[in-house]
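For the protein sequence lines, the chains are Y and W, in the order given. Each residue of the first sequence is one higher than the last, beginning at 1 in the numbering used here. Each residue of the second sequence is one higher than the last, beginning at 1 in the numbering used here.
Ranges of calculated distance between the beta carbons of each label pair, as one might list FRET restraints:
| no. | chain 1 | residue 1 | chain 2 | residue 2 | range |
| --- | --- | --- | --- | --- | --- |
| 1 | Y | 168 | W | 130 | 33 to 41 Å |
| 2 | Y | 126 | W | 8 | 51 to 59 Å |
| 3 | Y | 196 | W | 102 | 37 to 45 Å |
| 4 | Y | 211 | W | 163 | 25 to 33 Å |
| 5 | W | 8 | Y | 7 | 51 to 59 Å |
| 6 | Y | 211 | W | 90 | 45 to 53 Å |
| 7 | W | 75 | Y | 62 | 16 to 24 Å |
| 8 | Y | 64 | W | 189 | 54 to 62 Å |
| 9 | W | 7 | Y | 88 | 31 to 39 Å |
| 10 | W | 66 | Y | 172 | 51 to 59 Å |
| 11 | W | 8 | Y | 211 | 57 to 65 Å |
| 12 | W | 86 | Y | 210 | 43 to 51 Å |
| 13 | W | 2 | Y | 62 | 50 to 58 Å |
By construction, these hints were calculated from the structure, which means they are not laboratory data. Backbone N, C-alpha and C define an ideal beta-carbon position, used for all residues, glycine too.
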Amino acid sequence: MMKEDTISERLYNGIIKENPVFIQLLGICPTLAVTTSAFNGLGMGLSATVVLALSNLLISALRKVIPDRVRMPAFIVVVASFVTIVQFLVQGFLPELYKSLGIFIPLIVVNCIILGRAESYASKHSVVLSFFDGIGMGLGFTLSLIFIGGVREILGSGAFFGFQLLPLADKASGTMGYTPISIFILAPGAFFVLALLVVIMNVVRAKQEAKGKPLSAAGNGCLSGECSGCALSATCSGKTQAVAVEATKGGESA
Amino acid sequence: MNPVVELVLIFIGASIVNNVLLSQFLGLCSFLGVSRKVETSVGMGGAVIFVITIASLVAGLLYKFVLVPTGFEYLQTIVFILVIAALVQIVEMFLKRYIPSLYRALGVFLPLITTNCAVLGVALKNVTNGYNILQGVIYGIGTGVGYLIAIVILAGIREKIEHNDIPEPLKGSGIVLITSALMSIAFFGFAGVI
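The shape of chain Y in the complex, shown without the other chains (with noise of 0.2 Å):
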């Protein structure tokens, strides 16, 4: 067992134990949208990595400044500050980049993994280790990315990082070759990998539970819809549960 709170531990953390996307299943909307390559993903996951690290950082100094009362919108201003810096470095130094990933850099502000780190982590621990829980959850969810993108890249378009992997079937000159299933690099197929990785996972887990070794818990505030488990329950208002909501309707038609 690794030792609680140390540099190499945050990292270990947040690449392989509490891996945001694999074990969290969290940030699932850019998940989705932009890993139609994986260049793309590997964007994306730097981006919010960037963004992660420096804003775990700041909020990690300030938290003795920072009321309790009003520490949400506090979080929300300092990562939506370094969301602006990022998306002006991105247009700037690489536009193609920021073309195909569009409006999913500014809504990194509202990926429940950045906000959900502040809360759980940085408003709590001491700067070093805050900037590394940072830079180990946003490299958990840059390879995640990567990964997602990787799968849908080569069996969308039998590319990886651009690079032609499988040579592509010519029908017009009769060569042999991969035909790529377009439907994955389209948005369906984000759905169909996404599935696929939750059923993987569920294997998984259940198969470490059978050896009594179980994973961390996935973070249940996007898939189940409980805010229980969710970091970002305070800013809603700490009341609202999807199933507190499902039963309440259930016995008012009941």
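Starting from the known structure of chain Y, fit chain W onto it as the hints suggest.
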């Protein structure tokens, strides 16, 4: 083009052709989380239409009359997210005080919407698409209606398959994602309508 026709096209484009959930991937958390029953999903859809409409109006006004004249357009992300968060709180308080019947129907869903990326997404898209305020509001309503359509269909399917014999690892979010993928393929049929 006739301005009315243009507005109708914006509405259809936002609600069906480029469906916010199934082809733009905005607001997926609540789409997967709050779609267990048709009744709740209608409430959520209603709340989304309500908030997106008001938010796109307020964000549009702020952008045109505050950010552009002062030259602070680059602050749009920060301003929009703060406005949306504040707006949801204000709308919640207002409904609770003055229209309690509507509050009972929508109130519980309102806080869920603050972190819904569809709302911020629409406000930002209105700027990037260069819509004026009326077009922006229509785009917002269209997006909300598209959200309602998709989430109600998904909830209907989930109610139907609830007691089916689904393989163990697919239970829960797995089968919901596959259902969404199939719905997304169906919505592909609308591509090119406009």
